[in-house]
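Novice: Per our numbering, the very first residue in the sequence shown carries number 1; after that it's consecutive.
Treat the hints with care, since some could be wrong.
Said to hold, decoys possible - Quick list of the computed label-pair ranges, beta carbon to beta carbon:
# : residue 1 : residue 2 : range
1 : VAL418    : ASP601    : 27 to 33 Å
2 : LYS503    : LEU533    : 29 to 35 Å
3 : PHE509    : MET43     : 46 to 52 Å
Worth flagging that the hints you see were computed from the coordinates, not collected in a lab. Every residue gets a Cβ at the ideal spot worked out from N, C-alpha and C, and that includes glycine.
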Amino acid sequence: MKAVVMAGGEGSRLRPLTINRPKPMVPLADRQVLGHIVELLKMHGITEIVMTVQYLANVIQDVFGDGSAYGVQITYSVEERPLGTAGSVKNAAHLLLDEPFLVVSGDALTDVNLTELIAFHQTKKALATLTLKHVPNPLEYGVIITDDNGCIQQFVEKPSWGEVFSDTVNTGIYLLDPQVLEYVEAGQVVDWSQDVFPAMLKRDEPIYGYVTSGYWTDIGTIEAYQRATSDYLSGRVMLPRRGTNLGGEVWSDGEVEIAPDAQLHGPVFLGQGVKIKGGVMIYGPTVIRDYTIIDTGAHIDRSIIWRNSYIGERAELLGAIVTRQCNIKSRALLYEGAVIGDQTVIGSGAVIQPDVRIWPSKEIDEGATVSTSLIWGSQGRRVLFGRYGITGLVNVDITPEFCAKLGAAFGGTLPRGVTVLINRDAHYSPRMLKRAIVSGLPSSGANVLDSRSLPIPVARFLVRALGTAAGVHVRLSPFDSRVVDIKFFDKNGLDLDTTAERKIESIFFREDYRRVYLDEIGRITYVSGGDDLYIRSFLQALSQEAVAAIANDFNIVVDYANADSSGVLPAILRRLHCDVVELNANLDEARLFQTTEQFDDGMEQLCAIVPVLHAEFGVRIDSGGEKIFIVDDRGRLLNGLQLLATMTELSMRCYGPCKVAVPVTAPRVFEAIAARHGGTIVRTKAAVSALMTTASQDPSYAVLGDAAGNLIIPSFNPVADGLFATVKLMELLALQKVKLSEVVDSLPPYHVAQTKVSCRWENKGRVMRMLNERFAERRMEQIDGIKIDLGEEWVLILPDPEGPFFHVISEGTSDDQARELTDEYAAIVTGLQ
Numbered sequence: 001m002k003a004v005v006m007a008g009g010e011g012s013r014l015r016p017l018t019i020n021r022p023k024p025m026v027p028l029a030d031r032q033v034l035g036h037i038v039e040l041l042k043m044h045g046i047t048e049i050v051m052t053v054q055y056l057a058n059v060i061q062d063v064f065g066d067g068s069a070y071g072v073q074i075t076y077s078v079e080e081r082p083l084g085t086a087g088s089v090k091n092a093a094h095l096l097l098d099e100p101f102l103v104v105s106g107d108a109l110t111d112v113n114l115t116e117l118i119a120f121h122q123t124k125k126a127l128a129t130l131t132l133k134h135v136p137n138p139l140e141y142g143v144i145i146t147d148d149n150g151c152i153q154q155f156v157e158k159p160s161w162g163e164v165f166s167d168t169v170n171t172g173i174y175l176l177d178p179q180v181l182e183y184v185e186a187g188q189v190v191d192w193s194q195d196v197f198p199a200m201l202k203r204d205e206p207i208y209g210y211v212t213s214g215y216w217t218d219i220g221t222i223e224a225y226q227r228a229t230s231d232y233l234s235g236r237v238m239l240p241r242r243g244t245n246l247g248g249e250v251w252s253d254g255e256v257e258i259a260p261d262a263q264l265h266g267p268v269f270l271g272q273g274v275k276i277k278g279g280v281m282i283y284g285p286t287v288i289r290d291y292t293i294i295d296t297g298a299h300i301d302r303s304i305i306w307r308n309s310y311i312g313e314r315a316e317l318l319g320a321i322v323t324r325q326c327n328i329k330s331r332a333l334l335y336e337g338a339v340i341g342d343q344t345v346i347g348s349g350a351v352i353q354p355d356v357r358i359w360p361s362k363e364i365d366e367g368a369t370v371s372t373s374l375i376w377g378s379q380g381r382r383v384l385f386g387r388y389g390i391t392g393l394v395n396v397d398i399t400p401e402f403c404a405k406l407g408a409a410f411g412g413t414l415p416r417g418v419t420v421l422i423n424r425d426a427h428y429s430p431r432m433l434k435r436a437i438v439s440g441l442p443s444s445g446a447n448v449l450d451s452r453s454l455p456i457p458v459a460r461f462l463v464r465a466l467g468t469a470a471g472v473h474v475r476l477s478p479f480d481s482r483v484v485d486i487k488f489f490d491k492n493g494l495d496l497d498t499t500a501e502r503k504i505e506s507i508f509f510r511e512d513y514r515r516v517y518l519d520e521i522g523r524i525t526y527v528s529g530g531d532d533l534y535i536r537s538f539l540q541a542l543s544q545e546a547v548a549a550i551a552n553d554f555n556i557v558v559d560y561a562n563a564d565s566s567g568v569l570p571a572i573l574r575r576l577h578c579d580v581v582e583l584n585a586n587l588d589e590a591r592l593f594q595t596t597e598q599f600d601d602g603m604e605q606l607c608a609i610v611p612v613l614h615a616e617f618g619v620r621i622d623s624g625g626e627k628i629f630i631v632d633d634r635g636r637l638l639n640g641l642q643l644l645a646t647m648t649e650l651s652m653r654c655y656g657p658c659k660v661a662v663p664v665t666a667p668r669v670f671e672a673i674a675a676r677h678g679g680t681i682v683r684t685k686a687a688v689s690a691l692m693t694t695a696s697q698d699p700s701y702a703v704l705g706d707a708a709g710n711l712i713i714p715s716f717n718p719v720a721d722g723l724f725a726t727v728k729l730m731e732l733l734a735l736q737k738v739k740l741s742e743v744v745d746s747l748p749p750y751h752v753a754q755t756k757v758s759c760r761w762e763n764k765g766r767v768m769r770m771l772n773e774r775f776a777e778r779r780m781e782q783i784d785g786i787k788i789d790l791g792e793e794w795v796l797i798l799p800d801p802e803g804p805f806f807h808v809i810s811e812g813t814s815d816d817q818a819r820e821l822t823d824e825y826a827a828i829v830t831g832l833q
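Generate the whole structure from the sequences, applying the supplied hints.
Specialist: Shown next, in the form of structure tokens:
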């Protein structure tokens, strides 16, 4: 016997699940819905299948092919336009002339006993046998009334409650004699229930109803899809299941990775290559399909997640559906009935309210609350660049193909024939992505000069020293080992300005890449002796007096953090004849990223070692070579502000009334230090890129820096350079013949506090306007954010450039007062929303 599987359904009520696939191809646990139908047919010995296809027919044909991979033989009947349930079968009539055939819907889940159905049909000598099912709510189906012999007496298609005379409904599974096709006019839209069967009933044709006790549900709505998935996982559907039971009703279809402390409460289905990280909690019925990653601390409850998706740290899915290749970022919250379309990005901390549908390829901003469905438009901010360049999860946000396009877009903003220096850190993720960028740049006519793996300040220096037009650095994020940052430099080794970033974004999003002719394709070469060039210029920037003073019994402890600085700074310190104890000096890509606990343990170790060795100070250089963390000779860890204040004090002692730049967030201790020596303090915007721009415009500054350990000495390199800052601190201490602890103790006291206040994106502009109006008379010089003058105290309210929140920073006459000011103005910001 042949079976006709009607697989042409568009599934408009299932959108957005069916936007990129026909309704029968929606995945249901371990197979597509259509795959379950094929398995049912095979169970009952039916292997010759005619599939009627129309909407996105190629998707079905590409997956199922001729059926041989599934143990069946499939022939396709393609409709040029929808012909209705009967019209589509009539379109395949030339394949169904020999014997009775089965008609089954390709978008239902059922385990109907087809063998019994066939026997019933043969016993009754019926022309048509309809499979019927008792259901609690028949309103969405065709109600059918039969006599005691099973002969159908009446059809009522999708009745109102007043027309419900029975709870027996038509399942759409029929066993038909080829003679029935005479009731269907070829090429016309004809429906079995509305047209053919009522016409046969009028002519007293033998139509019977076989009432099944098996499972059946039409997957016509999102709710029905979720219910069917739950029933299948719970074992209510007697169909073959893929995979193995790992225990506790947790099924896996292939190799999976489950952290020891993850908690899975079945029924749960895990596809091939699924990764469940530490602290994850999953409550069934839940489906997680192939190669999806559930990151640390996420909470999944009664949800469905399709293949190649990513669920971020501490994200929560409560009865939600996430489709293919979605990126649900950390702390996002998806409520009951939320459906996320393919390739959608949900930003960190975003909230998707119950029953919200988000169509494919949308981007929801960080912290946004979505309470209505998003259908038209991308809803994305179409912004690539953030505070640290282009940042994203490896192989989720930032993939090799993304980077190849990015390289082509960047090259398209530059003249043909110029050279771009490209660099990375030692980790394997940046190595992979850097090579993809390298492949994109030459396609636009830009040459590539590959410096392999050097510290960031060295790469910035080489961009300027070698005269390249721009630079790129790819690094593992210092904040998250799953994240990479792609940083772009201009011809001076500085971060690109906003205008240049927007040009890259414009080309990237328009996909308007410049493709040069064959003989104009850029060349790829490698930097030779780049670190030697840096070292020579480095040593020339030090005074001979300082070099002599350092060589006179100056000893320090250096923690290289197993990063690229260990290949450059030791050579410099050896030439200075400095006595150095080295920690973590071996390059180790597995240790480039450290958790907060690991970092703190390392700093505690450094604090313990320095006084024991009677060192002048200890320094840890961050993995990028930009920041330094200093321990004084007494084993005290200096915070970023103390380090900057110390460098300011030492510089003014050595060079007299010099000029120092600090961000607007820094306390007034710097003005107090400048007043001691007749120096000058210049305030800049809070971002370190603003400090570097200031340094490049005026190299007369003695030092510039922030509270995070970034120090800039523009007499050598107008960028944050932890290597040079370390030696500069040695130089200043040696010239002054003073202990670091003595300088720290001499600093004027200061009291600062800060906090963060959440604010929805759409309210940030209004809050800023109201703050400006409210504090217009007390507002200080407007450099960055709104700084309010309170006499001896001040408060800075600074909107975060990337997140839905404000930073509130204050300085008071005591720590308690600073905290009180911070809390007071945080409450004001909250009240204005």
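Novice: Compare the structure with each hint and give your call.
Specialist: Outcome of the hint check:
Roughly 46 Å separates the CB atoms of VAL418 and ASP601, a value that falls outside the hinted 27 to 33 Å. Roughly 30 Å separates the CB atoms of LYS503 and LEU533, a value that falls within the hinted 29 to 35 Å. For PHE509 and MET43, the Cβ-Cβ distance of about 50 Å falls inside the hinted range of 46 to 52 Å, so the restraint holds.
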